[in-house]
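Sequences are here, hints too, so could you generate the full structure?
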Amino acid sequence: MRSAPPRATLRWTVLAVLLGVLVASLGVTAWVVVDKADGDLGALRHPPTDESAQREKALAAARTFVQRFNTYGPALLDGAGKMPEYAAVGGLMTAKFRTVFDKNVGYAEETVKQTQIDRTGTPYAVGIASIDSDSAEVLVAGIVAFSYPDPKKAGERIPFEPLRFRYEVSLVKQGGRWLVDDLDDVDDELPSFGEASIPEGGVPSGAPSPTGTPTGSPTGSPTGSPTGTAGQ
193 MRSAPPRATL RWTVLAVLLG VLVASLGVTA WVVVDKADGD LGALRHPPTD
243 ESAQREKALA AARTFVQRFN TYGPALLDGA GKMPEYAAVG GLMTAKFRTV
293 FDKNVGYAEE TVKQTQIDRT GTPYAVGIAS IDSDSAEVLV AGIVAFSYPD
343 PKKAGERIPF EPLRFRYEVS LVKQGGRWLV DDLDDVDDEL PSFGEASIPE
393 GGVPSGAPSP TGTPTGSPTG SPTGSPTGTA GQ
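Residues 193 to 424 (my numbering) are what the sequence shown spells out, left to right.
Every clue listed holds true.
For lysine-lysine, the following DSS-like pairs were computed, each having C-alpha atoms within a straight-line distance of at most 27 Å:
{"#": "1", "residue 1": "295", "residue 2": "305"}
{"#": "2", "residue 1": "288", "residue 2": "249"}
{"#": "3", "residue 1": "305", "residue 2": "274"}
{"#": "4", "residue 1": "274", "residue 2": "295"}
{"#": "5", "residue 1": "288", "residue 2": "274"}
{"#": "6", "residue 1": "305", "residue 2": "344"}
Just so you know, these hints were derived from the structure itself, not from any lab. Keep in mind the model is a prediction, meaning the values are calculated, not measured.
This is the structure we're talking about:
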């Protein structure tokens with residue numbers, strides 16, 4: 193029997209080597225696919241936190257709170273002289289901060305009953321100062337517009353020049369929601385709303401002065417909030 197020529201033997205040897213390399217490559221590829229698939233399944237079991245979504249939720253929570261916290265007037269008074277819709281802002285707060293807020297809602301109600309002042313808060317700029325998995329500090333800037341009944345024209349109101357504010361809103365994530373834990377006016381150098389003492393009596397500052405302009409702090413920020421310090 194004739195043996196294969198040297199050239200044919202070399203050809204078969206090369207083919208055998210290439211076949212072995214191909215089989216090895218397929219094995220490595222299969223291992224990589226399985227390993228990656230297992231990693232993807234792990235990611236599905238424990239999905240990463242969507243940081244962008246959490247930031248947006250924190251911004252929205254701070255914006256909504258500041259707008260509602262700074263907006264109240266005669267239209268919210270019920271037959272008993274209370275403002276239940278304004279008091280409901282407490283639902284945006286932690287239990288600790290709501291305790292302080294609830295003790296001061298009456299001052300806002302009394303101010304509105306006595307003066308009929310109307311105020312509307314409008315946030316214009318909101319930004320994250322710091323944020324982690326369960327807490328955030330959000331900066332909110334905007335204006336508060338005031339109006340007061342015109343004593344000379346029944347049914348008419350006198351508007352005041354809007355007052356600017358810059359707040360730092362402290363948020364805590366509880367039960368999947370961002371809740372307000374404190375509020376501070378960054379310009380007034382006074383304690384935050386949560387740290388401020390509660391007035392012992394009378395209505396807070398913020399009622400229009402005899403000259404027809406709202407009482408304001410040296411920084412020009414409104415002071416017609418429930419304690420006289422939250423609008424600071």
